[in-house]
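Chemist: For chain A, the structure is supplied; the task is to place chain B on it using the hints.
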Amino acid sequence: MEDWRKDQEVLVMEGRIKVPYRWFAGEVGTRYLESLRDKGVFLGTRCPGCEKVYHIPRRHCPECFEECSQWVELGSSGTLESYTIVRRQHPQLSPLPVPYGYGIIRLEGADTGFLHLLGEFDDKELKVGDSVEAVFSDKREGNILDVKFFRPVKGVE
Amino acid sequence: MEAVAIVGAAMTRIERERKADGYADLVYEATRAALDDAGMSIDQIDNVVTVSNDFFDGRTISSMAIMDACGSYDKNVTTVEGDGTFGAFFGLMRVLSGSYGTTLVCAHHKGSESQMPLITNAMFDPIYARMLGIEAITSSALQARAYMTKYGISEEQCALVSVKNHGNAFKNPVAQLPLELTVEKVMSSPYIADPIKLLDCCPISDGASAIILATEERAKKITDKPVWAKGVAHCSTAYHLGDHELHDVSALEEAAKKAYSMAGIKDPAKEIDLVELYDAFTYMEPLWLEGLGFCEQGGGGKLTESGKTAAAGELPVNVSGGCLSGNPVLAAGLNRMIECALQIRGDAGEHQVDGVKTALAHGINGPCGQSHCVWVLGGEK
Numbered sequence: 000m001e002d003w004r005k006d007q008e009v010l011v012m013e014g015r016i017k018v019p020y021r022w023f024a025g026e027v028g029t030r031y032l033e034s035l036r037d038k039g040v041f042l043g044t045r046c047p048g049c050e051k052v053y054h055i056p057r058r059h060c061p062e063c064f065e066e067c068s069q070w071v072e073l074g075s076s077g078t079l080e081s082y083t084i085v086r087r088q089h090p091q092l093s094p095l096p097v098p099y100g101y102g103i104i105r106l107e108g109a110d111t112g113f114l115h116l117l118g119e120f121d122d123k124e125l126k127v128g129d130s131v132e133a134v135f136s137d138k139r140e141g142n143i144l145d146v147k148f149f150r151p152v153k154g155v156e
Numbered sequence: 000m001e002a003v004a005i006v007g008a009a010m011t012r013i014e015r016e017r018k019a020d021g022y023a024d025l026v027y028e029a030t031r032a033a034l035d036d037a038g039m040s041i042d043q044i045d046n047v048v049t050v051s052n053d054f055f056d057g058r059t060i061s062s063m064a065i066m067d068a069c070g071s072y073d074k075n076v077t078t079v080e081g082d083g084t085f086g087a088f089f090g091l092m093r094v095l096s097g098s099y100g101t102t103l104v105c106a107h108h109k110g111s112e113s114q115m116p117l118i119t120n121a122m123f124d125p126i127y128a129r130m131l132g133i134e135a136i137t138s139s140a141l142q143a144r145a146y147m148t149k150y151g152i153s154e155e156q157c158a159l160v161s162v163k164n165h166g167n168a169f170k171n172p173v174a175q176l177p178l179e180l181t182v183e184k185v186m187s188s189p190y191i192a193d194p195i196k197l198l199d200c201c202p203i204s205d206g207a208s209a210i211i212l213a214t215e216e217r218a219k220k221i222t223d224k225p226v227w228a229k230g231v232a233h234c235s236t237a238y239h240l241g242d243h244e245l246h247d248v249s250a251l252e253e254a255a256k257k258a259y260s261m262a263g264i265k266d267p268a269k270e271i272d273l274v275e276l277y278d279a280f281t282y283m284e285p286l287w288l289e290g291l292g293f294c295e296q297g298g299g300g301k302l303t304e305s306g307k308t309a310a311a312g313e314l315p316v317n318v319s320g321g322c323l324s325g326n327p328v329l330a331a332g333l334n335r336m337i338e339c340a341l342q343i344r345g346d347a348g349e350h351q352v353d354g355v356k357t358a359l360a361h362g363i364n365g366p367c368g369q370s371h372c373v374w375v376l377g378g379e380k
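Chains as they are written, first to last, in numbering that gives the first Met the number 0: chain A, 0 to 156; chain B, 0 to 380.
Just chain A, with the same shape it has in the complex:
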């Protein structure tokens, strides 16, 4: 095409797609989130085939393809399997002021890790294998942020 727009700014249409959704937590998710909200207790599900305890809970075992029918109470502390300290984050996403952390945490009694936030840590001290504990929100609403974040357990090496 001829270069008519040599000194011309290309036009840009600004927009936003606004579509409300309602994501159902389902039976499994509801039981899990209610337990967190009302009792401050983490729950997992156990596969009857391989006996693996899934946290977050699953209705079926992806490996055995069996229904995970049994519910298991888990500890509210566990081991840090990996972590990152977030220095820059999109303002719409940041649930905590930067720097904050993400961790993969394997709770006591679980055979899988799960993702959550990390707070109240010393970024020079934090390491894989650390013991971390859940800090619950003052106001719990029945979602994953009823756990404010996990923090290192003091005095444990």
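Derived from the structure by calculation, the hints contain no laboratory data. Values in this document were obtained by computation on a predicted structure and should not be read as measured data. Hints are not guaranteed to be accurate.
As the list claims (entries may be wrong) - Listed below are the simulated DSBU-like cross-link pairs for lysine-lysine, each with C-alpha atoms no more than 30 Å apart in a straight line:
1. A/147 <-> A/17
2. B/149 <-> A/126
3. A/147 <-> B/149
4. B/265 <-> B/356
To be verified - Reference listing, derived: stretches of chain A covered by chain B, where coverage requires no fewer than 3 residues with Cβ under 8 Å from a Cβ of chain B:
5. 10-22
6. 76-84
7. 112-121
8. 137-149
Claimed, not checked - Away from chain A, derived, C-beta distances all over 10 Å, residues of chain B:
9. 1
10. 155
11. 182
12. 301
Quick reminder that beta carbons are idealized off the backbone N, C-alpha and C, glycines included.
Modeler: Frame of chain A, contents of chain B only:
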């Protein structure tokens, strides 16, 4: 498997912001160039596979808006939502079905038009993960930390990947981000999410690409330089981060094993001449090289340090500059295949490596490489 060849391949220049082109314009440019590369006209294309993502495009059924641009009127056309390597896999299946002699596969991406962190956040589960604000960089940082801790991979070893791939991009005219770097420069770039620093990350990019696949019979009539699909496989693993350890790349190992078996490859390090893999972040290159069996588990850092993966090394990896030098997501994996095809044909120009007979292209889908697709391509059937 019956022989299927890539008979035409092309990609647009990869840029940060292609304001003068809508995505249909990019798709047209890539499709036109692939047809020209093959010396074909659009009516010689029997069917089309497009690759796109509605969230990235900001349009539902995003493929519908490029039907004209990929020349699919009056043709059977379908869409793969995922990396281009997976789209090409489906294109291959369509040729193998016996219903089509040729398949055009095109992929497009305009990272400039949306906000990448918001879109990659939306790939995570809305009940358990999304409201934590996790997205591509922070989830990859968790994988990087798990991998680096498990095997003692250093940030300096990862920095070497950035130095190498950005340096390679100087010889690739379509690369977005050639940079003259040193390990020190990469190490002193700011942390985004430890251990990932700014210069460990791929850029946001615009671009499109296209390949044409053909049966042996059609391929021989179209070109005297067909590039044969010798082996291909893809495998997937857990969606929820933490379901399996993030340094565990067994899905990639499985995909590679199947692709090698199809291609009759026993020792990939000896039999594969060049690799183009999905290096969205520096740590991915050594980790994927391990999964692909080019070294033992945990050996990726040392392999990088050895210089073997340099353009002039024994196993050149991402001679094009890789995704680190331009990452039009979805098209990026197809670009890896196109780079391999050009190298095998001897048409890679300034970044041509001598004597490439067999090359490996790799693409990923999902957080932390939930799925991997491995292609072994060769100049001989």
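Chemist: Please go over all the hints and tell whether each is borne out by the structure.
Modeler: Results for each hint:
1. A/147 <-> A/17: holds, 28 Å
2. B/149 <-> A/126: Roughly 12 Å separates the two Cα atoms, so the pair holds.
3. A/147 <-> B/149: Since the Cα atoms of residue 147 of chain A and residue 149 of chain B sit roughly 28 Å apart, the hinted pair holds (cutoff 30 Å).
4. B/265 <-> B/356: holds, 16 Å
5. 10-22: With 5 residues close enough to chain B, the hint holds.
6. 76-84: With 5 residues in contact (Cβ-Cβ under 8 Å with chain B), the coverage given for the region 76-84 of chain A holds.
7. 112-121: holds (count 5)
8. 137-149: holds (count 3)
9. 1: Non-interface label stands for residue 1 of chain B: nearest chain A Cβ at 33 Å, farther than 10 Å.
10. 155: holds, 18 Å
11. 182: Its Cβ never comes within 10 Å of chain A, the nearest being 20 Å, so this holds.
12. 301: Given a closest Cβ separation of 21 Å, the condition holds.
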